[in-house]
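Visitor: Each chain is listed here by its residues.
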Amino acid sequence: MLKNIQEWILLFVIIGAMIIIGNWIGYDIMPLQAIPGIITLALISLAGLIIHRLIPSKKIPSIAYIGLLAFILTIPGFPGSEQIVTWTSEVNLLAITTPILAYAGISIGRSWADFVKLGWKTIIVGMFVLVGTYLGSAIIAEITLRIQGVI
Amino acid sequence: MTQQAAQLWKDWRLHLLVFGIVMFTEIIGTHEIPIGAGVILLLPMLYAVIIGIALFFTPLVKQKQSIHAESLVFISVTLLIAKFGVQAGTALPQLIEAGWALVFQEIGNLGTILIALPLAILLGLKRESVGMTHSIGREANLALITDKYGLSSPEGRGVMAMYIFGTVFGSIFLGLASGFLATITPLHPYSFAMATGIGSGSMAAASLGPLVAAHPNMAETLTAFSGASNLLTSVTGLYASIFIGLPLTEKLYEIMTRDKSNKNKIGKKSKAV
Chain L
2 MLKNIQEWIL
12 LFVIIGAMII
22 IGNWIGYDIM
32 PLQAIPGIIT
42 LALISLAGLI
52 IHRLIPSKKI
62 PSIAYIGLLA
72 FILTIPGFPG
82 SEQIVTWTSE
92 VNLLAITTPI
102 LAYAGISIGR
112 SWADFVKLGW
122 KTIIVGMFVL
132 VGTYLGSAII
142 AEITLRIQGV
152 I
Chain R
41 MTQQAAQLWK
51 DWRLHLLVFG
61 IVMFTEIIGT
71 HEIPIGAGVI
81 LLLPMLYAVI
91 IGIALFFTPL
101 VKQKQSIHAE
111 SLVFISVTLL
121 IAKFGVQAGT
131 ALPQLIEAGW
141 ALVFQEIGNL
151 GTILIALPLA
161 ILLGLKRESV
171 GMTHSIGREA
181 NLALITDKYG
191 LSSPEGRGVM
201 AMYIFGTVFG
211 SIFLGLASGF
221 LATITPLHPY
231 SFAMATGIGS
241 GSMAAASLGP
251 LVAAHPNMAE
261 TLTAFSGASN
271 LLTSVTGLYA
281 SIFIGLPLTE
291 KLYEIMTRDK
301 SNKNKIGKKS
311 KAV
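Sequences listed follow chains L and R, in order. Each residue of the first sequence is one higher than the one before, counting from 2 in this note's numbering. Each residue of the second sequence is one higher than the one before, counting from 41 in this note's numbering.
No lab work stands behind these hints: they were computed from the structure. These numbers come from a predicted model, not from an experiment. Please note: incorrect hints may appear among the correct ones.
Claimed, not checked - Within a straight-line C-alpha distance of at most 25 Å, the following computed DSS-like cross-link-like pairs (lysine-lysine) qualify: (1) L:Lys60 x L:Lys118; (2) L:Lys118 x R:Lys102; (3) R:Lys102 x R:Lys188; (4) R:Lys188 x L:Lys4; (5) L:Lys4 x L:Lys60; (6) L:Lys59 x R:Lys188; (7) R:Lys104 x L:Lys118; (8) R:Lys102 x R:Lys50; (9) R:Lys188 x L:Lys60; (10) R:Lys104 x R:Lys50; (11) L:Lys4 x R:Lys104.
In isolation and in its complexed conformation, chain L is listed as follows (with noise of 0.2 Å):
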């Protein structure tokens, strides 16, 4: 346990670092700005996933506890919720978008051998699995958002 929590550790250090970086370079933040949030961001997950680990039962995923205890921390009027939101907007979306998904890629390289051998049928129905998802759910959405008049 404990050698997991150090390794959590370093690699939300280096991530981290990756991220505030690429806030620099691609959304003009300067990285003193930004490391108050990205501390908070890798305190939060790091907290999610200790107590994934502690709770015997692993049906719920870890990110559950992860959205669940930032979402809870930054609800209007819980003690200290204006500054966690303060710190963490100064980190972009995207910024921390690009690491996770360089990292995909490198990770995706290896089943690439298999991705060719799938069928051309396999690719057109898995395309339209994604679409069908999405915009099922977006269509859905917009017609409730109507009639609730949010929109």
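Dock chain R against chain L, hints included.
Guide: Relative to the frame of chain L, chain R by itself:
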């Protein structure tokens, strides 16, 4: 995933490569390609995934780096989820206002069955189509199908094919499609943001990215909706597949193939997968 996380931080080769990719792609920045009435947004993350795949085929990346990268995706996604979460808490009043839309759009994830299953059957796929189209086929669904039919069954081959397809092509495809759909359809960006919670962190990132880039003034609300949707899907997604998605796919498959042949095709091999 992280259970066997041993000394991943020491893989300097991997981290330096990713660091290089991040700097390079952020310097290139965002570009737009207009197609008809729509716009395709090329974001740094999109170049990053393609460069990452390309690097795998150079001597710079060894098998070890690629294996480590998989755990790193998981660890870095946690930061994204935390970012989603902090936006969602702030936007609690808006979330409550839009609550029903968030709940109902989860059902929309079943849209894949209505659209993709008929297509798969039309293309001549047999029982594979059940595995392929009952969900977007991420890890949880792979486990579900394996548990129910076995991985070497036609259904198992179907879900495996979809899993590979989604792994390699999912984020690239959704990253391109999301921005494009948002510009050519009359649907509100809020609706698309709610749709990004489809059960995969990297696909959520890839589909939300173009929305945020195209509507920077709505960035916070879009992120909040996306975060709430992701949270909902991560908790309810598997159960929706078990209790609604898979039975619905089975039923629809049965109805659609009944008049073609009097159901003696179960388990028969198709060469398409």
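Visitor: Determine for every hint whether it applies to the structure shown.
Guide: Okay, the hints, checked on the actual structure:
no., hint, verdict
1, L:Lys60 x L:Lys118, "violated (33 Å)"
2, L:Lys118 x R:Lys102, "holds (22 Å)"
3, R:Lys102 x R:Lys188, "violated (36 Å)"
4, R:Lys188 x L:Lys4, "violated (36 Å)"
5, L:Lys4 x L:Lys60, "holds (23 Å)"
6, L:Lys59 x R:Lys188, "holds (20 Å)"
7, R:Lys104 x L:Lys118, "holds (23 Å)"
8, R:Lys102 x R:Lys50, "holds (15 Å)"
9, R:Lys188 x L:Lys60, "holds (18 Å)"
10, R:Lys104 x R:Lys50, "holds (12 Å)"
11, L:Lys4 x R:Lys104, "holds (21 Å)"
Comparing the model with each numbered hint stated earlier shows that hints 1, 3 and 4 do not hold.
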